[in-house]
Amino acid sequence: MGTPRFRRLGLVLAVVLVLSGVMPAYAADPGGTAEPPVLEVQVSDTGDWALLLPGAPPDLNSQAIGALTQRFGLAVPSLALDTSYLRMADDTGVSMLALVKQGEDVTVFLNGEALTTLTLTEEALGSVAGGMAPELEQLATWLSGASVATVVRLPAGEGLALDLSRSLRPDVEAESLNVIDLGATISPDGRLISVAGLDAAQLGLGMTLFDPAMLEVLPLDELGLRELGLTVVGGGVGLSVSGEDWLRLGWDPDYLLANADRFAGMAGMTLPAEQMSLAGLAVDWLKETRLSADVFLADQPSEGETVLRLGRPVNVAINGGSLAVEGVDLGMYLGPAITQYIEPLGAVVLDWEGSNRLLRWSVREKPMPPIELETGTLAKILGMFLPGVMPWDSLDPMLSGADFTALGVYEGMAEPNVEAAQRALEPERNIGRMRVPITINRLDGRVAVWGHSLPLTAMGPGIPGMIAANLGMLGPDTQKVDVALGGPGVDVGLDGSYAHIQWDSTTRDNLVEVALDLVNRTFGLPPALSQGFGKTALDAGIGALGRVGLHLDVTLTEEFIPAGTLERMVGRFTGVPVPAAP
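Residue numbers (this note's numbering): 436 to 1017.
To be clear, the hints were calculated from the coordinates, so they are not data collected in a lab. There could be a bad hint or two in this list.
Computed cross-link-like contacts, SDA-like style, restricted to lysine to any residue with a CA-CA straight-line distance of at most 25 Å [claimed, not checked]:
| no. | residue 1 | residue 2 |
| --- | --- | --- |
| 1 | K915 | A837 |
| 2 | K915 | R868 |
| 3 | K915 | V983 |
| 4 | K722 | Q775 |
What you are looking at is a predicted structure, and each value in this text was computed from that prediction instead of being measured.
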């Protein structure tokens, strides 16, 4: 049993619903193109109300109905609304509410402004009715096309305009500046199989998401629930089932952001300035983004290629050692051991083009040599230095579907220009190319060039051991390393997987300058090498070597490398013993 106050309100709502349900014009416009019939409730300062219907007499109000019930001796309490409701509405700034059903769209209005639109398509209603209650399929079709508007106008809303034709139905198929497409597969027994094509178990996400008994009561095949698609755009979300549009929920992001404090107040909450700042950033990105997520019910991974295309640059800044992305402090502090390498770079642009697997970049507004990574190369490199951390072989192909630009600045420097990283190259041609075959024993660090061992022990007893230790970073399975230097750039290969560094004279000189600066700040270089004539000579030497072309063909082996003529000769003069075969 409810209080008298709620019984009165329930009676008013019941009257409204009954009258709206029996209106002859309820489904007069199945296509939802004409203005729907309007059922309006006008509330006075005293809580009395009047119900206005198309073609109905104007004296259909709470006082007239109350007098009628008294005349018939019915024990019906006062139908007037309690004035406490009016004060509550006035305190929260509510003067008019409207619910407008126009065909498939149901739009909620607050004070004449469209707040949200819910779209439940005819296909959705028909599929649900056909799969679960075939007898109601025709009724569902009729309800989908019906149109009606219900308006509750409080005293403060008198004269407030209402545009019934406005709808916030989102366009989830429209092109966006930023596009993110990913998927996931869940098994019929509720286990997460894969996410974005990656094995969920390898990511530590191989969990059970729901009780499989939930699916037993659903006609999965009849409803097409083995494939769900969710799309989020700036103006709302859309839900599809087996490729058919089922449901959409729309909103006006600018209106919601501008009135966030007001809506929070209605819920008895307050929004701190930091949260409002984050909300503004999120809305700003959301308005330019389309995020699509597909979920499949299957025993094997079923999702397609993952796409990450960001047409808007991502801003990264380091101030006082703190890392911030898009102005949001991540709470990560980078100590001097890291910032000493970042400081010389100043302002950096990283521009990744997934279709060509090409990274263009610039440092301090100077274009650097683009880097092309063949499929599998990054996975091999990361697998060497970070083995077992992530399924690199699965992550690497995702780069082919990614496009993004990142702008990094250090300690308040000006934001760099993206065009500097996108400068077109003017590559040079090779005059020729000299191939140098090199064999290195990964166990003892001995080296042979053109089949002749080098006297490394005579040059320094610890050199072979240092070489063997550094080769350990390549992993035990690496057999071939190729480094080809020439006019067009440098090709670096690991067991047939290549990274191509593409340059011309300008980008090559810029790279050498930045590299010398980093080495000089870290280790210190003689002024004769890092400045003036010494640096000019170094640039010229690298350029000449590039035009001639040099290919270092390195084979890693565990077989003993016998002493060659040069090593034996140096051993006789220095007295350093020549290693013998084990």
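Hints versus structure:
1. K915 / A837: It is violated: about 29 Å lies between the C-alpha atoms, which goes past 25 Å.
2. K915 / R868: holds (19 Å)
3. K915 / V983: holds (23 Å)
4. K722 / Q775: violated (38 Å)
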